[in-house]
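> Residues per chain, in single letters:
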Amino acid sequence: MTVNLFVCSLIFSCFVLLFILFLLKKQKITIKYSLVWFCVFFFLTICLLIPGLLDFLTKQLGFQTPSNMVFSLLIASLIIITIALTVIVSTQDKKIRLLIQEISILKKEANKK
Amino acid sequence: MKVLLIIPAYNEEENIVRVYQKIKKSDKSLDVIVINDGSKDKTGILCKENHIPCINLVHNLGIGGAVQTGYKYALHNNYDIAIQFDGDGQHDVAYIKTLMEPIIEKKANMVIGSRFIDKMSSNFKSSRTRRIGITLISFFIKLVTGKKIYDTTSGFRAIDRTLIEEFSTNYPVEYPEPVSTTEALKNKYTVVEVPVSMNERELGKSSIHTWKSAYYMINVILSILVVGIRGKKK
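Here the protein sequences line up with chains A and B, keeping their order. Mapping of the first sequence onto the numbering used here: residues 1 to 113, in sequence order. Mapping of the second sequence onto the numbering used here: residues 1001 to 1234, in sequence order.
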């Protein structure tokens, strides 16, 4: 890895970490959902700080090049994260629907009196 | 028996008052609740002015969510039968009694007003594509539940107390008509079809557009198959 690439990657992973911390501080995300992004940051940093880890894993897992492995793993994990988000969206959909229905019925009953 | 007519209405200012008056003219004792599904027009105001019982949803939910609100209201107020009735004048008040009969006689949990079961009585002209779609849905329901339902997308239907309880907590809000039928059949409720004739929409536009049809079909078939693999609740 060239020095330039190393520095850029490090800056990026630091940016991810700081951004998540910022969002947490502003209460834009909850702890529960920030965890997955901390994991992402953790793996990025580990791969950067332990030289040769990427090459070792590439060989062990049978990928041709490190970039192939990085892309495959990234896409796989992003798919899983997206599915998890879809589940969350669907649950919230249900909750919001319930709220709209109950509030509307309550409003109607309150108006009767 | 306490009977509630649930009228889901989204932007039906042209029809809602007339539909309500027609119902009241045919049978004064029928309770009606209009579910105003976050209409952008004067539907809500018209209901208030004309003293039509109305639940104004604080946000648009779509037909499924609106009808489910009606079922919840029916449950809270101890109704024995809930009938879904369109707010656009498509359904004929004369058939409300026909729809209730099998439930009163305890022969059915759900009664669907069907346009196709008896071709003689129906003068409803639906397009060729729509008919193919309905037949296709019918085929998949038969595949999953083993029962033949002819008019799978009819929104003119009555359910009894047990299904009111079931649907007020658990209703397939996305493609309500075909999927709720499938779920009812899958859970061993009795579904009966009675022939009704329907009018063409009097005013306003139907909520199903042509370009959405294919998307609708794929989703409905998928939903039915999912109900099939989900198995019985009871």
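These aren't lab readings, by the way, just hints derived from the structure by calculation. Possibly wrong hints are sitting among the right ones.
Label pairs and their calculated CB-CB ranges [to be verified]:
1. B:Glu1174 to A:Thr30: 19 to 29 Å
2. B:Glu1105 to A:Ile80: 45 to 55 Å
3. A:Lys32 to B:Asn1199: 45 to 55 Å
4. B:Glu1105 to A:Lys32: 47 to 57 Å
5. B:Leu1143 to A:Lys94: 39 to 49 Å
Simulated crosslink set (DSS-like; lysine-lysine; CA at most 30 Å straight-line) [stated by the list, open to error]:
6. A:Lys95 to B:Lys1024
7. A:Lys95 to B:Lys1048
8. B:Lys1097 to B:Lys1024
9. A:Lys112 to B:Lys1188
Some chain A residues near chain B, calculated using beta-carbon distances under 8 Å [unchecked claim]:
10. Ile88
11. Thr91
12. Lys95
13. Ile100
14. Gln101
15. Ile103
16. Lys108
Each residue gets a CB set at the ideal place from its N, CA and C atoms; glycine is no exception.
> Determine for every hint whether it applies to the structure shown.
Right, here's what the structure says about each hint:
no.	hint	in the structure
1	B:Glu1174 to A:Thr30: 19 to 29 Å	holds, 27 Å
2	B:Glu1105 to A:Ile80: 45 to 55 Å	holds, 53 Å
3	A:Lys32 to B:Asn1199: 45 to 55 Å	holds, 52 Å
4	B:Glu1105 to A:Lys32: 47 to 57 Å	holds, 53 Å
5	B:Leu1143 to A:Lys94: 39 to 49 Å	violated, 28 Å
6	A:Lys95 to B:Lys1024	violated, 35 Å
7	A:Lys95 to B:Lys1048	holds, 28 Å
8	B:Lys1097 to B:Lys1024	holds, 14 Å
9	A:Lys112 to B:Lys1188	violated, 38 Å
10	Ile88	violated, 18 Å
11	Thr91	violated, 14 Å
12	Lys95	violated, 13 Å
13	Ile100	holds, 5 Å
14	Gln101	holds, 4 Å
15	Ile103	holds, 6 Å
16	Lys108	holds, 5 Å
Of the numbered hints listed earlier, those contradicted by the structure are 5, 6, 9, 10, 11, 12.
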